[in-house]
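There are 2 protein chains.
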Amino acid sequence: MSSAVEQLKQHLGEIHDLSCASRVLGWDQQTYMPPGGARQRAQHRATLSRLIHSKFTSEETLRLLDAAEPETQSLPEEHDDRCLVRIVRRDYERSRKLPSDFVAAWTRDASLSNQVWREARRANDFPAFRPHLESMMDYARRAADYYGYEDHPYDALLDGYEPGLKTADVRRVLDVLHPAQVDLARAISQKEAPRADFLYREYPEGAQGEFGLAVAAEFGYDLQRGRLDVAPHPFETDFGRDDVRITTRYDCHYLPEAIFAIFHETGHALYEQNISPSLSRTPLDSGCSNVFHESQSRLWENLVSRSRSFWQRYFPRLRQLFPAALADVTADEFYRAVNRVQPSLIRVEADEVTYNLHIMLRFELEMGLIENQVGVADLPEVWAVKMREYLGVTPPDDRDGVMQDTHWSTGSLGYFPTYALGNVMGAQIYETALQADPGIAAQINQGRFDGLRGWLGENLYQHGRKFLPGELAVRVTGRPLDPQPYIAYLQHKFGELYGL
Amino acid sequence: MSSAVEQLKQHLGEIHDLSCASRVLGWDQQTYMPPGGARQRAQHRATLSRLIHSKFTSEETLRLLDAAEPETQSLPEEHDDRCLVRIVRRDYERSRKLPSDFVAAWTRDASLSNQVWREARRANDFPAFRPHLESMMDYARRAADYYGYEDHPYDALLDGYEPGLKTADVRRVLDVLHPAQVDLARAISQKEAPRADFLYREYPEGAQGEFGLAVAAEFGYDLQRGRLDVAPHPFETDFGRDDVRITTRYDCHYLPEAIFAIFHETGHALYEQNISPSLSRTPLDSGCSNVFHESQSRLWENLVSRSRSFWQRYFPRLRQLFPAALADVTADEFYRAVNRVQPSLIRVEADEVTYNLHIMLRFELEMGLIENQVGVADLPEVWAVKMREYLGVTPPDDRDGVMQDTHWSTGSLGYFPTYALGNVMGAQIYETALQADPGIAAQINQGRFDGLRGWLGENLYQHGRKFLPGELAVRVTGRPLDPQPYIAYLQHKFGELYGL
Numbered sequence: 001m002s003s004a005v006e007q008l009k010q011h012l013g014e015i016h017d018l019s020c021a022s023r024v025l026g027w028d029q030q031t032y033m034p035p036g037g038a039r040q041r042a043q044h045r046a047t048l049s050r051l052i053h054s055k056f057t058s059e060e061t062l063r064l065l066d067a068a069e070p071e072t073q074s075l076p077e078e079h080d081d082r083c084l085v086r087i088v089r090r091d092y093e094r095s096r097k098l099p100s101d102f103v104a105a106w107t108r109d110a111s112l113s114n115q116v117w118r119e120a121r122r123a124n125d126f127p128a129f130r131p132h133l134e135s136m137m138d139y140a141r142r143a144a145d146y147y148g149y150e151d152h153p154y155d156a157l158l159d160g161y162e163p164g165l166k167t168a169d170v171r172r173v174l175d176v177l178h179p180a181q182v183d184l185a186r187a188i189s190q191k192e193a194p195r196a197d198f199l200y201r202e203y204p205e206g207a208q209g210e211f212g213l214a215v216a217a218e219f220g221y222d223l224q225r226g227r228l229d230v231a232p233h234p235f236e237t238d239f240g241r242d243d244v245r246i247t248t249r250y251d252c253h254y255l256p257e258a259i260f261a262i263f264h265e266t267g268h269a270l271y272e273q274n275i276s277p278s279l280s281r282t283p284l285d286s287g288c289s290n291v292f293h294e295s296q297s298r299l300w301e302n303l304v305s306r307s308r309s310f311w312q313r314y315f316p317r318l319r320q321l322f323p324a325a326l327a328d329v330t331a332d333e334f335y336r337a338v339n340r341v342q343p344s345l346i347r348v349e350a351d352e353v354t355y356n357l358h359i360m361l362r363f364e365l366e367m368g369l370i371e372n373q374v375g376v377a378d379l380p381e382v383w384a385v386k387m388r389e390y391l392g393v394t395p396p397d398d399r400d401g402v403m404q405d406t407h408w409s410t411g412s413l414g415y416f417p418t419y420a421l422g423n424v425m426g427a428q429i430y431e432t433a434l435q436a437d438p439g440i441a442a443q444i445n446q447g448r449f450d451g452l453r454g455w456l457g458e459n460l461y462q463h464g465r466k467f468l469p470g471e472l473a474v475r476v477t478g479r480p481l482d483p484q485p486y487i488a489y490l491q492h493k494f495g496e497l498y499g500l
Numbered sequence: 001m002s003s004a005v006e007q008l009k010q011h012l013g014e015i016h017d018l019s020c021a022s023r024v025l026g027w028d029q030q031t032y033m034p035p036g037g038a039r040q041r042a043q044h045r046a047t048l049s050r051l052i053h054s055k056f057t058s059e060e061t062l063r064l065l066d067a068a069e070p071e072t073q074s075l076p077e078e079h080d081d082r083c084l085v086r087i088v089r090r091d092y093e094r095s096r097k098l099p100s101d102f103v104a105a106w107t108r109d110a111s112l113s114n115q116v117w118r119e120a121r122r123a124n125d126f127p128a129f130r131p132h133l134e135s136m137m138d139y140a141r142r143a144a145d146y147y148g149y150e151d152h153p154y155d156a157l158l159d160g161y162e163p164g165l166k167t168a169d170v171r172r173v174l175d176v177l178h179p180a181q182v183d184l185a186r187a188i189s190q191k192e193a194p195r196a197d198f199l200y201r202e203y204p205e206g207a208q209g210e211f212g213l214a215v216a217a218e219f220g221y222d223l224q225r226g227r228l229d230v231a232p233h234p235f236e237t238d239f240g241r242d243d244v245r246i247t248t249r250y251d252c253h254y255l256p257e258a259i260f261a262i263f264h265e266t267g268h269a270l271y272e273q274n275i276s277p278s279l280s281r282t283p284l285d286s287g288c289s290n291v292f293h294e295s296q297s298r299l300w301e302n303l304v305s306r307s308r309s310f311w312q313r314y315f316p317r318l319r320q321l322f323p324a325a326l327a328d329v330t331a332d333e334f335y336r337a338v339n340r341v342q343p344s345l346i347r348v349e350a351d352e353v354t355y356n357l358h359i360m361l362r363f364e365l366e367m368g369l370i371e372n373q374v375g376v377a378d379l380p381e382v383w384a385v386k387m388r389e390y391l392g393v394t395p396p397d398d399r400d401g402v403m404q405d406t407h408w409s410t411g412s413l414g415y416f417p418t419y420a421l422g423n424v425m426g427a428q429i430y431e432t433a434l435q436a437d438p439g440i441a442a443q444i445n446q447g448r449f450d451g452l453r454g455w456l457g458e459n460l461y462q463h464g465r466k467f468l469p470g471e472l473a474v475r476v477t478g479r480p481l482d483p484q485p486y487i488a489y490l491q492h493k494f495g496e497l498y499g500l
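Chain order of the listed sequences is A and B.
Going by the working numbering, the residue at position 252 of the first sequence is 252; the numbering climbs one at a time, nothing skipped.
Going by the working numbering, the residue at position 463 of the second sequence is 463; the numbering climbs one at a time, nothing skipped.
One or more hints might be untrue.
Cβ-to-Cβ under 8 Å is the rule here; a few derived chain B residues that face chain A [claimed, not checked]:
#1 24
#2 25
#3 47
Quick look at which bits of chain A chain B covers, simulated, 3 or more residues with Cβ under 8 Å [said to hold, decoys possible]:
#4 14-25
#5 31-40
#6 215-228
Quick list of the computed label-pair ranges, beta carbon to beta carbon [unchecked claim]:
#7 230(B) / 499(A): 51 to 59 Å
#8 447(B) / 60(A): 58 to 66 Å
#9 102(A) / 138(B): 30 to 38 Å
#10 138(A) / 434(B): 56 to 64 Å
#11 92(A) / 278(B): 58 to 66 Å
#12 434(B) / 252(A): 46 to 54 Å
#13 125(B) / 332(A): 47 to 55 Å
#14 197(A) / 278(B): 53 to 61 Å
#15 138(A) / 442(B): 39 to 47 Å
#16 217(A) / 317(B): 40 to 48 Å
Note that these hints are calculated values from the structure, not bench results.
Note that the structure is a prediction, hence the values are computed from the model and not measured.
The beta-carbon is built from N, C-alpha and C at its ideal position, and this holds for glycine as well.
Please put together the full structure from these sequences, using the hints given.
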């Protein structure tokens, strides 16, 4: 390739290296860092953020982009380099709206705030967390102002997680999902609940991790380029496609927590490990967007790992690891138990039917926060009210109420809706994959995932961030985001499970 | 303080943050990184190194130093800021002699070479490691040429680990140590060896770590600001005084390996955790030099933890953890076993009498390498010959021969002599501490270390890098490095142990 593009790549490559370094520090902070290190770590990450931001928003980036662009105009639209210039220019236009000092201060305060959240959550001490949360909401509002917006300040934040997505788009999808999911939940609530007592028996951590990781490896998670650790909030992170890590958290008296977190994060990891090596060390070496990323975590967690075929195959192995706890359980009972629908407190443990209601609650609160209709001090109360309204449950404390998620502790406003849309996109992509290769579903029953993973790799993973989310949706599934496959999937699966 | 010094500190603070980030990446690489991540990690660290080096050697540093210097000239000689300007100017003059691209390339290749060494050592495959080692030696020689020297290229490398130290100084000390240690080893070889059979029994890893870390905490290692992990080559590293980590390696059939490594690394960690907070986020927030650092690791590992008083106190607790393995052992037998003198293959496991002979061997080889008298291809053979000459043993393979240490894998030439000099300095400092507070020795018998740690904190640790090693030696002990206390210590301790 000609030299202007190479120069651009060299420049972006250094920024990429610094971003990877920053993510290693973030991984360490969530897994192994001793508590005393928090303040200094915040400083280290702030300096890296400032440097990354100021290097990326420098005149040098613009100059290199301008020089590289003409070289790429004659290339096919899908050529890596042409995509690189287009996507990076969009990133550049967005990033340069934030001052580097603002980014550094946000990073530093977010790092501390996250540390305070961890401790406050443990201690169920919302007042200790409150000033940090107020500061984070302020950063988010100021960021929206810096970015600018036409219709709603929330649009400016959404764009950071899902380029091009608007508040109105979110509302449109949630408005379709809401009645369908509420109706389904209500119909199920009239039916008898399956037994699930055995999920709360004694499950030693070691064997949970062993099982989860062995299955993840069968999905195709390459452990030469990945690893599993423990973190208070499960996540996936990556420092290039050859080092893609996941975390989980264990509850030795509730089996689903750790293993489904492992399957979920493995979905993210499969995406990152299978991006084309030709995109390595560029800003395109990453999943397309939050919605696409979440589509993959939910696809592997739910559509694959909560399916009947899956547990027909894997339940015998699970019972070998926990012979006492699962002695009186059948594969079908296990399948029904891990799919039991029950309004609950914790989003990440919610069933598929009620999960999106947790998101709708958060979306409403985020709307209130960004519009200054809801104050941070009121959040615990408003949270409780909305939980009763949306899910019919009352949080016993803030720990499992408003403080359950990590996102707000770093000012990540606009992130939650992408979870609901990720569920939707996951079903839409899976439907497309099954249409293209109807054998995929049967393979799950044989513990084979190469058909599915291969199709996803070919059609989705390899592209990284080469295309915008709206473009990629059409490329992969032939149409824009569509809630119908998800609703149909829920109605079919849970209709059968509950005899509706 | 006035603004030119503050500006200098801000500039250096950012460089410090990047250095800490690079060290986190290094820690991760040695502890948890999946093997596939090696190549990309090398790139990340190379970029950080280049950035750190180019920022530090920039005209901006010089300008800020020149502006800050006049402001500090009226301050007392020991004032933090005056020391900062003086030491940083020395660092600057040295660092700017290396081109940033050279530093980045060395870092990248060293990171890979280290990874190859780990695998080659496991596989006992010196030929696989050889080209990397040749490249590293070439980097070291080129660095010496860039730095420049008056008498010997090795001087230029020594200065990186021990500012001001010359090859002639090393020779002078080793020439005194050599006959004294050889005579002592020879006299001991005529005596009956103490029993040590029980050291090779079954010692589960978990309990080893529990014991080592509990004792480290009693030494004063603050685990809110530190942690212990496993690495192939034990080390200490730190990302500011509030996050100071150690590693060890376990052999469940050889008890001393892990626990003395923990005590050793804890000595390093105590130094870093107790540097004055006023030096945080500056280049002075670090131990003074390799010799001073090693003086502390060896002081805590040997003078404290291999003393009779120590095991009188701690052996009963050790036996509680390993009741079967230590059932037929007394505290005195254990003390004698962990001090048994026996020429051996592995430096880090060597007894105090023969340890420095391992260093002398490496010093001779490094002389040969830097003077091009010894080729990398010849190293295994020359190593074996020297081992027989210095220690009377023959390595069965390269794994426990020339490939046993990590240092050469990153081109760290000139590092090894500081280990021998660290032993010497440790004894000199301990002698001074006992003269100042004769109660310190008796406190060990009571499991109290606050007297010793307090004295070291006050007289040594708090100063960080404020003074050059030669100055600090005089400040702490009243005189320059002197081999006599170490020789007297060895003769007294081992004379008593072996009835000489």
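Status of each hint after checking the structure:
1. 24: 6 Å, holds
2. 25: Status holds, d = 6 Å.
3. 47: Residue 47(B) check passes; min Cβ-Cβ to chain A is 4 Å, inside 8 Å.
4. 14-25: n = 8 at 8 Å, threshold three: holds.
5. 31-40: holds (count 8)
6. 215-228: Our answer is that it holds, as 6 residues pass the Cβ test (under 8 Å) against chain B, meeting three.
7. 230(B) / 499(A): 51 to 59 Å: Holds, since residue 230(B) and residue 499(A) (Cβ atoms, about 53 Å apart) stay within the stated range.
8. 447(B) / 60(A): 58 to 66 Å: 60 Å, holds
9. 102(A) / 138(B): 30 to 38 Å: 45 Å, violated
10. 138(A) / 434(B): 56 to 64 Å: 57 Å, holds
11. 92(A) / 278(B): 58 to 66 Å: 41 Å, violated
12. 434(B) / 252(A): 46 to 54 Å: For residue 434(B) and residue 252(A) the Cβ distance comes to about 50 Å; the hint holds.
13. 125(B) / 332(A): 47 to 55 Å: 52 Å, holds
14. 197(A) / 278(B): 53 to 61 Å: At roughly 59 Å between Cβ atoms, residue 278(B) and residue 197(A) fall inside 53 to 61 Å, so the hint holds.
15. 138(A) / 442(B): 39 to 47 Å: 58 Å, violated
16. 217(A) / 317(B): 40 to 48 Å: 41 Å, holds
Hints 9, 11 and 15 from the list above are not met by this structure, while the remaining hints are.
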